[in-house]
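**Student:** Letter by letter, the chains look like this.
There are 2 protein chains.
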Amino acid sequence: MVDYSPALMTDMYEYTMLDAALRDGTANRRCVFEVYTRHLPAGRRYGVVAGSGRILDALERFHLDDEDLRFLTDRRIVGADTIHWLEDFRFSGTIRGYREGEMFFPNSPILQVEGTFGECTLLETLVLSILNYDSAVASAASRMVSAAKDRPCMDMGGRRTNEWAAVAAARAAVVGGFQGTANLLAAQLYGLKAIGTAAHCFTLVHDGEEDAFRSQIEALGRDTTLLVDTYNIEEAVRTAVRVAGPQLGGVRIDSGDLAALAQRVRNQLDALGATSTRITVTNDLDEYALAALQTAPVDSYGIGTQLVTGSGAPTCAMVYKLTERQGADGTMQPVAKKSKDKASIPGRKLAYRSYEYSLADGEHVVSGSERSLAAFAPQSDWRDLLVTYMDHGVADSTRQGHDAIVRAHEHRAKALEELPITAQSLMRGDPAIPTTVHLL
Amino acid sequence: MVDYSPALMTDMYEYTMLDAALRDGTANRRCVFEVYTRHLPAGRRYGVVAGSGRILDALERFHLDDEDLRFLTDRRIVGADTIHWLEDFRFSGTIRGYREGEMFFPNSPILQVEGTFGECTLLETLVLSILNYDSAVASAASRMVSAAKDRPCMDMGGRRTNEWAAVAAARAAVVGGFQGTANLLAAQLYGLKAIGTAAHCFTLVHDGEEDAFRSQIEALGRDTTLLVDTYNIEEAVRTAVRVAGPQLGGVRIDSGDLAALAQRVRNQLDALGATSTRITVTNDLDEYALAALQTAPVDSYGIGTQLVTGSGAPTCAMVYKLTERQGADGTMQPVAKKSKDKASIPGRKLAYRSYEYSLADGEHVVSGSERSLAAFAPQSDWRDLLVTYMDHGVADSTRQGHDAIVRAHEHRAKALEELPITAQSLMRGDPAIPTTVHLL
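As given, the protein sequences belong to chains A and B, one line each in that order.
Position in the first sequence counted from 1, then plus 799, gives you the working numbering.
Position in the second sequence counted from 1, then plus 799, gives you the working numbering.
What the hints contain is simulated information worked out from the structure, not anything from laboratory work.
Treat the hints with care, since some could be wrong.
Same chains, same label: a pair holds when it works inside one copy or across any pair of copies.
Calculated cross-link-like contacts (lysine-lysine; reagent style BS3-like; alpha-carbon spacing at most 30 angstroms) [to be verified]:
no.: 1; residue 1: Lys1213; residue 2: Lys1141
no.: 2; residue 1: Lys992; residue 2: Lys1213
no.: 3; residue 1: Lys1139; residue 2: Lys948
no.: 4; residue 1: Lys1141; residue 2: Lys948
no.: 5; residue 1: Lys1213; residue 2: Lys948
no.: 6; residue 1: Lys948; residue 2: Lys992
no.: 7; residue 1: Lys1213; residue 2: Lys1139
no.: 8; residue 1: Lys1137; residue 2: Lys1213
Please work from the sequences and hints to get the whole structure.
**Tutor:** In structure tokens form, the structure reads like this:
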């Protein structure tokens, strides 16, 4: 059972700004906020968007109950008028953005939130938390999946990140190209494929390895995967095949020199007639380790720490910035801060990907007023990158739930294939395609 | 409103192992599992324990409802007998461990979980998720607090990590020495001090900076903190003092060369008579940036990304290992896996810190059988590091909630003071004190 509201998963200043803006009237000004990142993590060629569907899930739950309102009152965070405004708050704006599974680059307008200042400002932290973490995981996952070539990658990272982050990570991993997860809550909430083997403690709690293997096979059948590195691998593989027969589903190796061990275990399994028994390896794998295992006889990978921590880039540095707002005269006006090194590009954006011979060769971010953008005609073969997630408070439910994740998983594969092959290089370098900002 | 059960925040194999162990009888064997890390993040001198109290919170909620049981059945993860066993599952074991706020080192037995194999194995992922993330944040926080000397550090990192991780991070930051958080849910759940200023969008939504400052002061009073780097800092400071008077509470700078800007802003504020107006700086601060700001006239720090991502070490690599279990003859026996590079130390542990002239000079991990440990006499000045969190299913409620966090915050300061001064060095090096393993 999972029941909660994300309304207080936010920084205090969003409520104090709301309070002040309600008093002075600016809370009702129409606004466009945009999520983007100024740069990719050092050396990365692209990022993968994930989490946008979870924002729709969160907005469904976003409401303040009496306890929350009392908290805001007791702590003197907002005044009585704001409490009244919050009583039946529901976001009624419009959200557009990149598809989940889409590649993004510096300045890509990953999400656009349009509504009143009051309602949009309340979402800042929540939107960023979801996109920054989920996209970090999906971006790392995508590199790992490329490095693993056709071998399935499975998420086993739950234990190395916050317990809720683990659930989000499992979903983001599948968006990023993974096939399944060990995390049961993610499997339950999102209909993902759940996978698992056994832990060393299962062997250790038994009086001997053979007892443990027999028990696991009895409970799970011969197609299960036995963990063979608790004591001596060679002996364990012999025992495993003796107990399960050559129909044994798989073995897992979780320590040592994985490439060398996989080869020896493959040889041993083949010699024992277990030619179709699969080998899964785990143990702090990252995309570089996977690349190094390409010639080893491995059938699938269980990936943990480096997946859920974004393989060196645990967040995407995405920001949520006001780019257009209604002025005192009622017209929409582009705005931007001028802070040193952190200046933003004024005006709402359109976004397209351009192609040459079916290969992506550029990201185009077009900025301007509502009117100039309406008149803008992209080149005929440019792909429009923005889709609608929510229209005046009504979510596009096809962007939530299991099917949306499957589509995102498929979109990521297609969109990556469109990029120059350097995108899949693990060497540090520039973004795979340049971003051009067109100021209308 | 927050209501959920963490029972499925776990890897699938824990339920399949439970299923097999219930069939073969080993699920009822008494076991001791221990949480420890084999190494600190590269170059770190110590880690800080955080999250143990959250484990007690999680165990209170840990139950499976009909939907969960149906999920486990429909996915064929466990059989009917296991479903029956799970129907009114409640952890009834004993949990000991290091205090929150305590320093830990390689092989420190940070948490000990004792109970039947069945009940202990279900907790593995949840316990590790909580301790690995919370301790990573507390460990980073502690280094930042040292580097900030007496200046208060505030958590503003929620937007750069998963939305629930943000709540845990705020709590862990305070355990690690921070004074407060911007995160409202953390403030609500744990009674933490909530802090905040304003965002650039608040200035931008107004027709001019002066309008924004006036509105904020009207809503929040003169003691508020105004953000002064949306356009031109010098002009903004002038406007801020003109609008609020010299009683203005504070200004925040979020970009540029913070040390130089803080000095210029201080000079300007003093010249305007605003000598007690505080300066808060933010902008991707980490412990090294804080150390570099020591001589700048800064009054407090808002710290985000690097806090919630553990400043380069987003997880602690803690593992949960079976170290002792009942054998077929009913006696408790030390056990350990022998995996290459990942071998574990058999037997349950005691843990002490030794001193010379009131300064800690060693961590002592004593391993043996139940009997030999009962007979072990530590040196008279050794400090016993293990406290009881739960006794046969009954939580020590003084280790949960707001007061426990305050005590952990205070304990961290005291325990750090006991360590050699090199512990507070930001230079890479060995753990501040060596760990000696005594095998009885």
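**Student:** None of the hints should be skipped; say for each whether it holds.
**Tutor:** Structure-based check of all given hints:
In this assembly of identical chains, lysine 1213 and lysine 1141 lie within 30 angstroms of each other by CA distance neither inside one copy nor across copies; the values are 33 angstroms within and 40 angstroms between. In this homomeric assembly, lysine 992 and lysine 1213 come within 30 angstroms of each other (Cα to Cα) only inside a single copy, at 21 angstroms, whereas the closest approach across copies is 47 angstroms. When the C-alpha separation of lysine 1139 and lysine 948 is checked against a cutoff of 30 angstroms, the pair qualifies only between copies, where the shortest distance is 27 angstroms, while the shortest distance within a copy is 43 angstroms. In the homo-oligomer, the alpha carbons of lysine 1141 and lysine 948 lie at most 30 angstroms apart only across protomers (28 angstroms), although the nearest pairing inside one protomer, at 38 angstroms, exceeds that limit.
Only within a single protomer do lysine 1213 and lysine 948 lie at most 30 angstroms apart by alpha-carbon distance; the minimum there is 15 angstroms, versus 52 angstroms between protomers. For a Cα distance limit of 30 angstroms, the shortest separation of lysine 948 from lysine 992 inside one copy, 20 angstroms, qualifies, whereas the shortest one across copies, 49 angstroms, does not. In this assembly of identical chains, lysine 1213 and lysine 1139 lie within 30 angstroms of each other by CA distance neither inside one copy nor across copies; the values are 38 angstroms within and 40 angstroms between. In the homo-oligomer, the alpha carbons of lysine 1137 and lysine 1213 never lie at most 30 angstroms apart, since the shortest distance is 38 angstroms inside one protomer and 44 angstroms across protomers.
Of the hints listed earlier, those the structure fails to meet are numbers 1, 7 and 8, in rising order.
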